[in-house]
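Read off the chains here:
There are 6 protein chains.
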Amino acid sequence: MADTWLPSLITATPQEGFELAITLSRRGVKYTQPDMDTLKQLRPEYANSADGLTAASQVIAINFQTVSAANNYWRG
Amino acid sequence: MADTWLPSLITATPQEGFELAITLSRRGVKYTQPDMDTLKQLRPEYANSADGLTAASQVIAINFQTVSAANNYWRG
Amino acid sequence: MADTWLPSLITATPQEGFELAITLSRRGVKYTQPDMDTLKQLRPEYANSADGLTAASQVIAINFQTVSAANNYWRG
Amino acid sequence: MADTWLPSLITATPQEGFELAITLSRRGVKYTQPDMDTLKQLRPEYANSADGLTAASQVIAINFQTVSAANNYWRG
Amino acid sequence: MADTWLPSLITATPQEGFELAITLSRRGVKYTQPDMDTLKQLRPEYANSADGLTAASQVIAINFQTVSAANNYWRG
Amino acid sequence: MADTWLPSLITATPQEGFELAITLSRRGVKYTQPDMDTLKQLRPEYANSADGLTAASQVIAINFQTVSAANNYWRG
Chain A
1 MADTWLPSLI TATPQEGFEL AITLSRRGVK YTQPDMDTLK QLRPEYANSA
51 DGLTAASQVI AINFQTVSAA NNYWRG
Chain B
1 MADTWLPSLI TATPQEGFEL AITLSRRGVK YTQPDMDTLK QLRPEYANSA
51 DGLTAASQVI AINFQTVSAA NNYWRG
Chain C
1 MADTWLPSLI TATPQEGFEL AITLSRRGVK YTQPDMDTLK QLRPEYANSA
51 DGLTAASQVI AINFQTVSAA NNYWRG
Chain D
1 MADTWLPSLI TATPQEGFEL AITLSRRGVK YTQPDMDTLK QLRPEYANSA
51 DGLTAASQVI AINFQTVSAA NNYWRG
Chain E
1 MADTWLPSLI TATPQEGFEL AITLSRRGVK YTQPDMDTLK QLRPEYANSA
51 DGLTAASQVI AINFQTVSAA NNYWRG
Chain F
1 MADTWLPSLI TATPQEGFEL AITLSRRGVK YTQPDMDTLK QLRPEYANSA
51 DGLTAASQVI AINFQTVSAA NNYWRG
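Protein chains in written order, with the numbering used here: chain A, 1 to 76; chain B, 1 to 76; chain C, 1 to 76; chain D, 1 to 76; chain E, 1 to 76; chain F, 1 to 76.
Hints may be right or wrong, so weigh each one.
Listed next, the in silico PhoX-like pairs over lysine-lysine satisfying Cα-Cα at most 25 Å (straight line) [said to hold, decoys possible]: (1) Lys40/F / Lys30/E; (2) Lys30/B / Lys30/C; (3) Lys30/C / Lys30/D.
Everything labelled a hint here was simulated from the structure, so no lab data went into it.
The following block holds chain A by itself, in its conformation from the complex (with noise of 0.2 Å):
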């Protein structure tokens, strides 16, 4: 991927931070599948299956410790 899509993990609220998170988690899957149609069509296997939801939202949460991490905890 050539683009830049992550310039640094520092962000100005802890929500943005989460958000981060999911970014992280999202490109995570796409490196290793980067077809946007393979992926759209993978989306209801998890996206409607608590399993699969549970498992997205533990990925999100090993990225938020990095980003949380990165950003001293937002202590101020």
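Given the coordinates of chain A, work out where chains B, C, D, E and F should sit on it, guided by the hints.
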């Protein structure tokens, strides 16, 4: 999501921190599947499944690591 | 849950810390499924399953990381 | 469990630390299912399953993170 | 593997760090199954499966924690 | 296991650290199932399965976090 739901990771007590970890875990699900009707339909799938509940507890545990570190473990 | 069940992450010994990690793991389940009858019915599903027990042990391990860090690993 | 099985996280060597991580992983199982006969019956279920062994190794890895940090990685 | 594929964990940018995390995740697979033909045959199994892609993204997230810490989160 | 297989977590390079992480992951399996014949029989079960390989890579990633921290990420 335009509303502010995560202004800070700081909480007064460990218990409030644990409850924030639950909020983070649920938000990870809601960002992935924003449709509330679908989420309601899926609830019995994990809330009545031992594996589903253990998986939910694991996501909470990961988020609780983040919140606990943010609060210096409420060491006082 | 209105009652106070987590006043502190500090424990006198590593073993008490491990037991607190178990409490945290169970609370993660109870917050997700508060109905005690349902929880009792689900117990055989994981307590008699090798996969279920390993998964339970993993959640405890993650929470024990948090409690151990909070207590500076009881290095004393 | 009334007996003392975890007086300290400190070990003399990394290898003893790894073995303590195994003890922690097994204790997580035993606290969840204290009946030794049930545990013996379940053993073939994971010890003869590739997935079960990988899952067991993962719990050990998580506990080894804790024990290693407690010992400052035996940097000496 | 005799060749040098990991001379350093330091990268110029977070994005390069994320890509190194992907490399680490793939190397973990290749060390376990070095046969390239088998790996190619298995690719559709996870690249066309929602669960498989989420699992791949999780391994990347864990390795990205390591690379991010190594680089002090590129705080500058 | 009476022999010494883990005298130190310190390695000269990140790549040797990654290989030590693989050793740790395998030892976690061997402590749980010491019978070499059983382990050989199980090998095709995970080495020819996409899910099994991703799971193996995840355990390596967790152990690599430990080894990397022990070596201060080979920054020096």
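Tested hints:
1. Lys40/F / Lys30/E: The given pair, whose Cα atoms are some 18 Å apart, holds under the 25 Å limit.
2. Lys30/B / Lys30/C: Holds, because 20 Å separates the two Cα atoms, which is no more than 25 Å.
3. Lys30/C / Lys30/D: Given that 25 Å is the threshold and the Cα spacing comes to 20 Å, the pair holds.
The structure is consistent with each of the numbered hints, conforming to all of them.
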